[in-house]
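Heads up, the sequence shown is in full-length UniProt numbering, so the first residue is 1 and it goes up one at a time.
Among the clues, some could well be false.
DSBU-like cross-link-like pairs, simulated, lysine-lysine; straight-line CA separation at most 35 Å [unchecked claim]:
1) 45 with 156
2) 45 with 154
3) 71 with 89
4) 89 with 156
5) 99 with 45
Distance windows between CB atoms, simulated [unchecked claim]:
6) 71 with 96: 28 to 34 Å
7) 144 with 49: 14 to 20 Å
8) 113 with 56: 20 to 26 Å
9) 141 with 103: 18 to 24 Å
What the hints contain is simulated information worked out from the structure, not anything from laboratory work. Ideal placement from N, C-alpha and C gives every residue a C-beta, glycine not left out.
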Amino acid sequence: MMSRLRKVDKSILEQSSSEPVLLDTEDQTNLINNLSISNQQTYDKYVKYLSYLYIIQIMAIITIQFLTKPKLITLLILLSIALSVINIKFPNYYSTYVKYMNWGICIQCIVLLVMKIKEDREIFCILPVFNNISVWCFRNWFEDMIQHVDQLDKLKYKFKNV
Numbered sequence: 001m002m003s004r005l006r007k008v009d010k011s012i013l014e015q016s017s018s019e020p021v022l023l024d025t026e027d028q029t030n031l032i033n034n035l036s037i038s039n040q041q042t043y044d045k046y047v048k049y050l051s052y053l054y055i056i057q058i059m060a061i062i063t064i065q066f067l068t069k070p071k072l073i074t075l076l077i078l079l080s081i082a083l084s085v086i087n088i089k090f091p092n093y094y095s096t097y098v099k100y101m102n103w104g105i106c107i108q109c110i111v112l113l114v115m116k117i118k119e120d121r122e123i124f125c126i127l128p129v130f131n132n133i134s135v136w137c138f139r140n141w142f143e144d145m146i147q148h149v150d151q152l153d154k155l156k157y158k159f160k161n162v
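Kindly generate the complete structure, drawing on both the sequences and the hints.
The structure is reproduced here in structure tokens:
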């Protein structure tokens, strides 16, 4: 991601040092469409990465917890991770219900963590909170990008020589 940002910054700096390039309406539309497509591709890529991360978490939790014995905390953590996967993969379907259920599970996990922190494995109760925060940050980041591209679309000028 950082190398991509450096390339964009470098191209902007190179353009600013030369004469400004004025684009006609069609070129502006193409540029904005390319930005939208690039943003959507980046979003899809990071959704895939987060989904893989959640799957790895599920496998790790199952391995660590079920080698000893299954517990309520394990089931809550696994359910929270599954809800995080649903929330990130399907943002428009039942998003608010899934989000509230997931935060409810997070609160239960934190309460259980505070009540019995006897074992080191209980620290995994914090994992659903981090997952929820990562989904929230991820969503806000890309929604912000979409809003900025929409604002850019409103700033189009009509003529090439303006």
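We went through each hint and held it up to the structure:
For the hint pairing residue 45 with residue 156, the CA-to-CA distance comes to about 29 Å; that is within 35 Å, so the pair holds. For the suggested pair residue 45 and residue 154, the alpha carbons sit about 27 Å apart, so the restraint of at most 35 Å is met. The hinted pair formed by residue 71 and residue 89 meets the criterion: a straight-line CA distance of about 27 Å does not exceed 35 Å. A hinted pair counts as satisfied when its Cα atoms are at most 35 Å apart, and residue 89 with residue 156 qualifies at roughly 33 Å.
For the hint pairing residue 99 with residue 45, the CA-to-CA distance comes to about 22 Å; that is within 35 Å, so the pair holds. Between residue 71 and residue 96 the beta carbons are some 29 Å apart, a value that agrees with the proposed interval 28 to 34 Å. Checked against the given bound of 14 to 20 Å, the beta carbons of residue 144 and residue 49, roughly 19 Å apart, stay inside it. Taken as a hint, the range 20 to 26 Å holds for the pair residue 113 and residue 56, whose Cβ atoms sit roughly 22 Å apart.
Between residue 141 and residue 103 the CB atoms are about 19 Å apart, so this pair conforms to the stated range of 18 to 24 Å.
Violated hints for the displayed structure: none, as all numbered hints are satisfied.
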